[in-house]
Amino acid sequence: MVSDSYAIILLMILLDRVTKTYNKNLGSALDRISLHVEPKEFVIVVGQSGAGKSTLLKLLTREERPSSGKIIVGGIDYDKLPDKNIPLLRRKIGVVFQDFKLLPNRTVFENVAFALEIVGVSQKEINNTVPRVLDIVNLKDKASRMPRELSGGERQRVAIARAIVRQPKILIADEPTGNLDPKHAWDVIAVLEKINRYGTTVLLTTHNQDIVNKLKRRVITIKQGKIDSDRANASYNEKRPVPEARVRN
Amino acid sequence: MGRRTTTFGRIVRTGMLNFVRNAWLAVAAMAIMIITLTIILFSLIVNATFRNTVDQITDKINISIYLKDTVSEAQAKTFVDDLRALPSVEKVSYLDKAAALRAYMKQNVGNESLLKAINETDNPLPATIQVKPRDLNQLGQIRSFIEKPDNKKLQSDPASDNGDRREAIDKITHATNIMRRAGVVAVAVFATISVLIIFNTIQMAIFNRRDELQIMRLLGASTWYIRGPFVIEAIIYGILSAIISILLINALFITASNSLQATSLGILDISYSQQYFRNHFWWLLVIQLALGILIGAASSIIATRRYLKFKTPKK
Chain A
0 MVSDSYAIIL LMILLDRVTK TYNKNLGSAL DRISLHVEPK EFVIVVGQSG
50 AGKSTLLKLL TREERPSSGK IIVGGIDYDK LPDKNIPLLR RKIGVVFQDF
100 KLLPNRTVFE NVAFALEIVG VSQKEINNTV PRVLDIVNLK DKASRMPREL
150 SGGERQRVAI ARAIVRQPKI LIADEPTGNL DPKHAWDVIA VLEKINRYGT
200 TVLLTTHNQD IVNKLKRRVI TIKQGKIDSD RANASYNEKR PVPEARVRN
Chain B
0 MGRRTTTFGR IVRTGMLNFV RNAWLAVAAM AIMIITLTII LFSLIVNATF
50 RNTVDQITDK INISIYLKDT VSEAQAKTFV DDLRALPSVE KVSYLDKAAA
100 LRAYMKQNVG NESLLKAINE TDNPLPATIQ VKPRDLNQLG QIRSFIEKPD
150 NKKLQSDPAS DNGDRREAID KITHATNIMR RAGVVAVAVF ATISVLIIFN
200 TIQMAIFNRR DELQIMRLLG ASTWYIRGPF VIEAIIYGIL SAIISILLIN
250 ALFITASNSL QATSLGILDI SYSQQYFRNH FWWLLVIQLA LGILIGAASS
300 IIATRRYLKF KTPKK
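In the order they appear, the protein sequences are chains A and B. All letters in the first sequence, in the order written, are residues 0 to 248 by numbering that gives the first Met the number 0. All letters in the second sequence, in the order written, are residues 0 to 314 by numbering that gives the first Met the number 0.
Hints in this document: simulated from the structure, not taken from any laboratory. Backbone N, C-alpha and C define an ideal beta-carbon position, used for all residues, glycine too. There's no promise every hint is true.
Claimed, not checked - No more than 27 Å apart at the CA atoms, straight line, and that leaves these computed lysine-lysine pairs for DSS-like:
1. 57(A) to 91(A)
2. 39(A) to 222(A)
3. 308(B) to 83(A)
4. 213(A) to 39(A)
5. 308(B) to 23(A)
6. 308(B) to 79(A)
7. 139(A) to 91(A)
8. 91(A) to 308(B)
9. 69(A) to 308(B)
10. 308(B) to 57(A)
11. 131(B) to 152(B)
12. 100(A) to 308(B)
13. 131(B) to 59(B)
14. 59(B) to 76(B)
Said to hold, decoys possible - Just so you have them, the derived chain B footprint on chain A, three or more residues with Cβ under 8 Å:
15. 81–90
16. 110–116
17. 119–130
From just these sequences and the hints, can you work out the full model?
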């Protein structure tokens, strides 16, 4: 089903029968997962803790290698990617984490600039680009604040700004609202939708059933390392609850 | 400015900033590096000094062979040529009776009664062959050649050499060898310790900043972008240690000559050491800097290597 190379080029993310086993005695974290994501799609991945969501994202960012199966992201075949080129891959993927992962001793501006610094962008270009990106996430007036002076939602928007400042084709958001109250969670989601409208493929994992239902996007449910369902314009109702999603501590 | 230059500038700036932040951690690393470099520097100078002393003494050594008056010019010439052919001989000079007399009188200018006595007699001095050896350890070859019966019978008196200097030379050679061996051992030990301590210091710095490094990794920073500042930091240790060690040695010489009021310490010719240090200052500084940079760079590269590896096992 993946023989058509034309299709591979058109796809943003392609996973073909990907299995990841950390420890043979514990079974597989991911078990022959196959999925396609097209450019500019907004995909939500749901599933209970331990279902394999994090493993899936770590495979995409090449923090982990699959035990078997094929991964191609943005035309890059991970099997053919030498270690020394992993940084190049990561520069093409924007990642947002549940715990923000901001540098605590740098200002908002510097945190966003950091993503550009490490790839050798000139200071002049940084001074041009960063304010524009902070504008997108509505933080232009907080550029000189330190992360500790911001609310959780604001911090997450800084992290998003940092993830998109290099204009990646894909933005992976790993439970970006996990630590946020509903109002701030929606601020973050609104920014993700905005970025998606600009043309970035977004892959979002979340536990928040409310968000999933209101976004009405493609939803992939992972259960015990397998894809349980993959439906467009999905919403959850009484017949298809995700009860696991609520018991997360 | 190109991307490479921009990136290199950032790496250097971060490295210097880290050095300032890490200053206290760096003290231990630098102290041990200073000791290492000082020992190396000291042994270099002492070695050069001993070599100079040995050279000086060697220069003064020669063997004199006294010929019977019956030996013809031709016989003497053959003897001289044979001696020149020996590999351990550096120089041979021949003084006939008249020349030997002139040399002797020149040596004893001022000793009127002796000169007078000599003038009153027929020239009592034998024709003399002076042999300068190439290497002190090969005096034996020359001596046995001189003692060969064919050669022996040409001589009026036993050949003499200023052998009393041999003892001094042996002493110095012995000291040089011990110094060299002890120096190598000390340098090896301290260099190892300083590599380990710098290694530790860098690992601690990495541990302190592991979150930042993880973020850098996830954002796609290249290995050298992350490693660079640590290497720069360790290189700064090396440069500072080199400078401090050379200042220490300088102070040591000043104190030594001031407080001892002496030009030599035992068999160590301090005044020559001082002169050598002054004449070769820049060269020694370059050596120290090169070693400091090498030790710093090597240990920091090793320290960061394990940490910066990507997860590669496939299964």
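Evaluation of the provided hints:
Distance check on the hinted pair: residue 57(A) and residue 91(A) sit about 15 Å apart at the alpha-carbon level, within 27 Å; holds. Restraint check: the Cα-Cα separation between residue 39(A) and residue 222(A) comes to about 25 Å, which is no more than 27 Å; the hinted pair holds. For the suggested pair residue 308(B) and residue 83(A), the alpha carbons sit about 10 Å apart, so the restraint of at most 27 Å is met. Only pairs whose Cα atoms come within 27 Å are accepted, and residue 213(A) paired with residue 39(A) is accepted, the gap being roughly 19 Å.
About 24 Å separates the Cα atoms of residue 308(B) and residue 23(A), which keeps this hinted pair within 27 Å; it holds. At most 27 Å may separate the alpha-carbon atoms for a hinted pair to count; residue 308(B) and residue 79(A) meet this at roughly 18 Å. Distance check on the hinted pair: residue 139(A) and residue 91(A) sit about 24 Å apart at the alpha-carbon level, within 27 Å; holds. Simply put, residue 91(A) and residue 308(B) have alpha-carbon atoms about 20 Å apart, close enough for the 27 Å limit, and the pair holds.
At most 27 Å may separate the alpha-carbon atoms for a hinted pair to count; residue 69(A) and residue 308(B) meet this at roughly 23 Å. Between the alpha carbons of residue 308(B) and residue 57(A) the distance comes to roughly 16 Å, so the proposed pair stays at or under 27 Å and holds. Between residue 131(B) and residue 152(B) the alpha-carbon distance is near 22 Å, which keeps this suggested pair within the 27 Å criterion. Our distance criterion of 27 Å between C-alpha atoms is met by residue 100(A) and residue 308(B), whose separation comes to about 21 Å.
Distance restraint check for residue 131(B) and residue 59(B): the Cα-Cα separation of roughly 9 Å lies within the 27 Å cut-off, and the hinted pair is therefore satisfied. Among the hinted pairs, residue 59(B) with residue 76(B) is consistent with the structure: their alpha-carbon atoms are about 24 Å apart, no more than 27 Å. Against chain B, the region 81–90 of chain A contributes 8 residues with a C-beta closer than 8 Å to a partner C-beta. That satisfies the three-residue criterion, and the hint holds. Only when three residues or more bring their CB closer than 8 Å to a CB of chain B does the claim for the region 110–116 of chain A stand; here the count is 3, and the claim holds.
Coverage of a stretch by a chain is defined here by at least three residues with a beta carbon nearer than 8 Å to that chain's beta carbons; for the region 119–130 of chain A and chain B the count is 4, and the condition holds.
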